[in-house]
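K.L.:
Based on the sequences and whatever the hints tell you, model everything.
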Amino acid sequence: MKRAPALLGAFSISLLCGLSSLPASALITQPNGTIMPRDSMNGEIQLYTLFDDRGEPIDYQADGNNEPSTFSPLCGFTAELVLSQTGARLGVGWYNVDPAATAPPALADIHEIVPAGSPVGTVITAADIRNDPAYAGGQIGFALLAAQRHYSEQRWNEVCTGCTPPGPWVTAVIYTSVATPNAFYVAFEDGPVGSNPGDFNNDGDYNDYVYFFSGLTCTGGGEPCETGLPGVCAPGLTQCAADGLTCQGLVPSSQEACDGLDNDCNGVTDEGDLCPESFVCDRGVCVQACGRGEFTCPPEKACNAAGFCVDPACAEVVCDAGQVCRGGQCNAPCDGVRCPFPTECRAGVCVDPCSHVTCESGTVCDGGVCRPSCPCTPCPSGSACEEASGLCKEAACLGVDCPAGQRCDMGACVDTCAGAVCPGGQRCVAGACVEDPDATGAGGEGGSTGASLDVGSSASAAGPAGSGGAGGGGAGGSGGSGGAGGGGGGAEGGCGCVVAGAGSSRGAFVAAIALSLAGLRVSRRAPRGAGRAPR
1 MKRAPALLGA
11 FSISLLCGLS
21 SLPASALITQ
31 PNGTIMPRDS
41 MNGEIQLYTL
51 FDDRGEPIDY
61 QADGNNEPST
71 FSPLCGFTAE
81 LVLSQTGARL
91 GVGWYNVDPA
101 ATAPPALADI
111 HEIVPAGSPV
121 GTVITAADIR
131 NDPAYAGGQI
141 GFALLAAQRH
151 YSEQRWNEVC
161 TGCTPPGPWV
171 TAVIYTSVAT
181 PNAFYVAFED
191 GPVGSNPGDF
201 NNDGDYNDYV
211 YFFSGLTCTG
221 GGEPCETGLP
231 GVCAPGLTQC
241 AADGLTCQGL
251 VPSSQEACDG
261 LDNDCNGVTD
271 EGDLCPESFV
281 CDRGVCVQAC
291 GRGEFTCPPE
301 KACNAAGFCV
311 DPACAEVVCD
321 AGQVCRGGQC
331 NAPCDGVRCP
341 FPTECRAGVC
351 VDPCSHVTCE
361 SGTVCDGGVC
371 RPSCPCTPCP
381 SGSACEEASG
391 LCKEAACLGV
401 DCPAGQRCDM
411 GACVDTCAGA
421 VCPGGQRCVA
431 GACVEDPDAT
441 GAGGEGGSTG
451 ASLDVGSSAS
461 AAGPAGSGGA
471 GGGGAGGSGG
481 SGGAGGGGGG
491 AEGGCGCVVA
501 GAGSSRGAFV
511 AAIALSLAGL
521 RVSRRAPRGA
531 GRAPR
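Heads up: the sequence shown begins at 1 in full-length UniProt numbering, then just goes up one per residue.
These are computed hints drawn from the structure, not numbers from a lab. Values in this document were obtained by computation on a predicted structure and should not be read as measured data. Glycine is no exception: its CB is placed at the ideal position from the N, C-alpha and C atoms.
Between beta-carbon pairs, the in silico distance windows are:
hint : residue 1 : residue 2 : range
1    : 379       : 248       : 15 to 23 Å
2    : 133       : 387       : 19 to 27 Å
3    : 120       : 268       : 47 to 55 Å
4    : 106       : 166       : 22 to 30 Å
5    : 266       : 291       : 23 to 31 Å
6    : 29        : 136       : 31 to 39 Å
7    : 419       : 379       : 21 to 29 Å
8    : 135       : 159       : 28 to 36 Å
9    : 253       : 120       : 34 to 42 Å
10   : 165       : 399       : 46 to 54 Å
11   : 375       : 197       : 41 to 49 Å
12   : 253       : 375       : 30 to 38 Å
13   : 259       : 305       : 17 to 25 Å
14   : 277       : 318       : 20 to 28 Å
P.N.:
Given below as structure tokens:
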């Protein structure tokens, strides 16, 4: 924007949203009642043109905000000058934000980072700020370096005392990027403002200096959340948005497969013809169906129409999607289950949610989702960053190394099994839910191979298949849990079916997985998630 010489000063643009939520989108109203931004129609590039050129479906008027006003530089933060329509050549500096301050930062406390005269395309990175000895480690603001300083914290801008009611001028408009997650545009005017209603010496198009900030996480952002969608589409991460925090999904829907997951996010797991003829999909594995050919169920079980060996009370019961039958009643598979930390109940099984998650550099798995490692993003109040794991943990537990089967609570190591309630047919041992040799049932009964929707009266939807075998000496696991005894050479359950002469290697394999959970170090996960015992 072209104008008379008296130009602005420091305008602060902070980098990690410091608000618990973001305000709703609205037109910017100045203290004198003027609505902005507006098209100056002076031949300069306007904001709407900039957004169109960058593929951003942003309404330059309706989507403008004057918040968030403070941010924090993350490890992946960048700031790029994307538009400058002014004859002025002003530098930009940053300053440490002090929430308790009663006056704007002094000029000596504003540290120049983009020199005057820098061209469009100049990029600021987090390292430029985080490596500066003056950086206090918290939130910062940016300042346009001129005679009159303007701030993103609107409280520091010049107050229009002659306006009714009096209030500080809005000298920057902030937009949430649609094309790039956790990114913002900050557009500001560089002309002076004064104490009277007519002292906004700018044309209101906010195209003098426009910065694009990426790599931001607002307060409450980056947290695991539920999208409200079923299946694999359910988990997400909270992200900044103009009208508050939103939950963005992490996994898109895909073609259904026999893997124990609702891949197509329609609320039904492993539905359809996913297996070869005479096989059924049971707990994510294609197994031989009972009642077809030589495959029959044990005497204590009945073969239902779907080809599963079930408790006779469940043979004619049809449960809704996502439920299991126990003793003739339909229940959610995780009802009553409280898994020992860090495992969580998924489809009736206590599993480590991060066991099959691979995160990119700079992120760490927490509760089954990848989020920025804590050296790069602030920890919630009461938590502190354990830099070795990249996870936020209870401050009193920093440096506390608990042995296997224990977790840290308020600075002390306690039994991970305390308060845990394992799925039926299992008990908590050394911090993991494993097959219970004292569970009721006929010795050596081959159970269902995994997560069928019909299980025994005291069954776990999680029980491994055929872990005892027909000759097992231990007590048989109920329903979906095979015999927990150590006998070998007996019959193995395939979908709860008896296959003469088959060994129990699959049951032993599943048991080994469960036991391996006992060796997890508590420090590698931040406490999170429902269906989990107190931590």
